[in-house]
Amino acid sequence: MLVLTRKIHQSIVIGDAIEVVVLEVRGEQVRLGIRAPKDVAVHRKEIYDQILEENKGAAEVRPEDVPD
Amino acid sequence: MKIQGTRFATIEYEADDIIALPDGLVGFPRSRRFLIVNNKEGSPFRWLQSIEEPHLAFLVTEPSKFGLAYTPEFPDKVAEALDLEPTTPALMFTTAAIPPGLPHDLTLNLAAPIVINALTRTGMQVVLEDPAYTMRHRVFDEKSPQGAGAAA
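Protein chains in written order, with my numbering: chain A, 806 to 873; chain B, 94 to 245.
Bear in mind the hints are in silico, worked out from the structure with no lab data behind them. Just so you know, these numbers come straight off a predicted model, no measurement behind them. Please note that the accuracy of each hint is not assured.
Below are the SDA-like pairs computed for lysine to any residue, each with C-alpha atoms no more than 20 Å apart in a straight line [stated by the list, open to error]:
id	chain 1	residue 1	chain 2	residue 2
1	A	K850	B	D223
2	B	K133	A	V871
3	B	K158	A	P872
4	A	K861	B	P168
5	A	K850	B	R229
Only chain B is shown next, with the shape it has when bound in the complex:
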């Protein structure tokens, strides 16, 4: 199968590559099936490319790649909905926002991670109730915009 995204050249994929997010992401209910596309070789970023809406791709990352200790506790209903046992391999991404032309203003939404059961390849965007996690976590020091290569 193939998809022609607007950000990427044609992406070829197999049925096994598809990640299902049955509820979609908050505010984007029409996209339920996604591909995970690497940004670049070695980059900490990936794109969650919608299959239903080829123009739609979300920049995501794993906060641990930026040295953040990020192991939030999920509400019980998340494990239940995704069939997650403590030993189930799981992926967790946060969305990453970058205002146009301002890469050093990168922020991660630590309050609403996307959690994926790697066995069933099904996931959901989880809203954490813990106020310790902010929706706009700045990754880079505001005073040193040139320090943008900080991916550990």
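Here chain A stands alone, though its shape is the one from the complex:
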């Protein structure tokens, strides 16, 4: 993993089109601003993981278990 140190209002760019800015640091919380093209989905990781789990759950349903 690439590790970079940034100060408030500094940013990193990923490729040509994505920028992540550090907006605020308060105790254990960091606020980030993200500029990305519309077709790039940005999710909080834990939310993404949960949706992935539910999508998998829907893809693994056995037809015989589906109620009428």
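Given chain A, work out where chain B should sit, using these hints.
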């Protein structure tokens, strides 16, 4: 055109039947084109059958079929991305998960509906920021597993 899904017999379809989800579903980026297949006559459930990956089909439903008042507000970018005007006919499904052998443990993911513009037949899975919508909404009462025929 035909597709041989693993859950269904051969499905015949026309180009007009295809639903495009250009971003795929979260975690399944390789499938971008789907068919909506009824589970059974009169069933509240449908399958979102992938065309690219015939083994892949997601169980989906409309929460209103289970008596849920479900009219979430979407972020503006959703209407923009899907060309949705207030009058555009749209479909909205949620994924439905059922653990093997436990149909009464059916849950709906109300936090990430699949919204489809019915005119362009293009859709996306939307992540709602509203904590009122849970990812595992239980449909049936845990104490009465036999009440599984509750589709209204």
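**Asked** Can the restraint linking K850 of chain A and D223 of chain B be considered satisfied, given a maximum Cα separation of 20 Å?
**Response** Answer holds: K850 of chain A to D223 of chain B is near 16 Å, not above 20 Å.
### Query
Given the hint that K158 of chain B pairs with P872 of chain A, does the C-alpha gap stay at or below 20 Å?
Holds: K158 of chain B and P872 of chain A sit about 13 Å apart, inside 20 Å.
Pair hint K861 of chain A and P168 of chain B, alpha-carbon separation not exceeding 20 Å:
25 Å, violated
For this session: Measure nothing beyond the straight line between the CA atoms of K133 of chain B and V871 of chain A; if it is 20 Å or shorter, mark the hint as holding.
Result: 10 Å, holds
Straight-line Cα separation of K850 of chain A and R229 of chain B no greater than 20 Å? Judged against 20 Å, a Cα distance of about 18 Å means the pair holds.
Checked against the numbered hints above, the structure violates only hint 4.
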